[in-house]
Amino acid sequence: MLSPGDRAIIKAEIERLQKAHKECRDDGIRNKIDVWIEEQKQELAASADPRCPICGKPCPPEGSVTDAQGRAVHKECFRTALIEGRASL
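So that you can map any letter, position 79 of the sequence shown is 79 in my numbering, and since no number is skipped, the others follow by simple counting.
The hints are simulated quantities; they were obtained by calculation from the structure and are not laboratory data. One thing to keep in mind: the hints can contain errors.
As the list claims (entries may be wrong) - Derived pair list, reagent style BS3-like, types lysine-lysine, alpha-carbon separation capped at 30 Å:
| no. | residue 1 | residue 2 |
| --- | --- | --- |
| 1 | 19 | 41 |
| 2 | 75 | 57 |
| 3 | 41 | 75 |
| 4 | 57 | 41 |
| 5 | 57 | 32 |
| 6 | 32 | 22 |
| 7 | 11 | 41 |
| 8 | 32 | 11 |
| 9 | 11 | 22 |
| 10 | 41 | 22 |
| 11 | 19 | 32 |
| 12 | 11 | 57 |
Unchecked claim - With beta-carbon atoms standing in for the labels, derived distance ranges:
| no. | residue 1 | residue 2 | range |
| --- | --- | --- | --- |
| 13 | 26 | 69 | 45 to 55 Å |
| 14 | 69 | 19 | 43 to 53 Å |
| 15 | 29 | 69 | 45 to 55 Å |
| 16 | 6 | 32 | 16 to 26 Å |
| 17 | 16 | 84 | 41 to 51 Å |
| 18 | 20 | 84 | 42 to 52 Å |
| 19 | 66 | 23 | 42 to 52 Å |
| 20 | 25 | 86 | 52 to 62 Å |
| 21 | 76 | 48 | 17 to 27 Å |
Remember, predicted model here, so these are calculated numbers, not experimental data. Note that the Cβ used here is the ideal one computed from N, Cα and C, for glycine as well.
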């Protein structure tokens, strides 16, 4: 998860790029800025969710189960780990 400081830096960078986007006349650069802004917005949204200890990706509550250590785990990751007989769950 991102620290509050990291989240603030990303938000400030998004705002800066949005201003630059408005002033930019080059469509290629505008498209690159759009992609970067969208990636950063997704990262900010996902950073609030805990990371799955198996795959390392964000694990939203609606698609997860809780393992024996109280961690959020994707249902599919949990199922796969059980089938493979991983003792850490």
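30 Å limit on alpha-carbon distance, applied to hinted pair residue 75 and residue 57: Satisfied, since the Cα-Cα distance of roughly 13 Å is no more than 30 Å.
Consistency of beta-carbon spacing, residue 32 to residue 6, with hint 16 to 26 Å: holds (22 Å)
Agreement of residue 32 and residue 11 with the hint, judged by alpha carbon distance not exceeding 30 Å: holds (17 Å)
Pairwise beta carbon distance, residue 76 to residue 48, judged against the given window 17 to 27 Å: holds (21 Å)
Straight-line alpha-carbon gap residue 32 to residue 22, limit 30 Å: holds (13 Å)
Verdict for residue 20, residue 84 (Cβ pair) under range 42 to 52 Å: Because 48 Å falls inside the window, the suggested range holds.
Distance restraint hint 52 to 62 Å, applied to the beta-carbon atoms of residue 25 and residue 86: Between residue 25 and residue 86, where Cβ atoms are some 54 Å apart, the hint holds.
Residue 11 paired with residue 41 [C-alpha distance capped at 30 Å]: Status holds; Cα separation ~8 Å.
Distance restraint evaluation - residue 66, residue 23, Cβ atoms, bounds 42 to 52 Å: Holds, at about 48 Å.
Straight-line alpha-carbon gap residue 19 to residue 32, limit 30 Å: holds (14 Å)
Hint consistency between residue 11 and residue 22 [alpha-carbon to alpha-carbon, up to 30 Å]: The hint holds at about 17 Å.
Distance restraint hint 45 to 55 Å, applied to the beta-carbon atoms of residue 26 and residue 69: holds (50 Å)
Consistency with the previously given hints is maintained throughout, with no hint failing.
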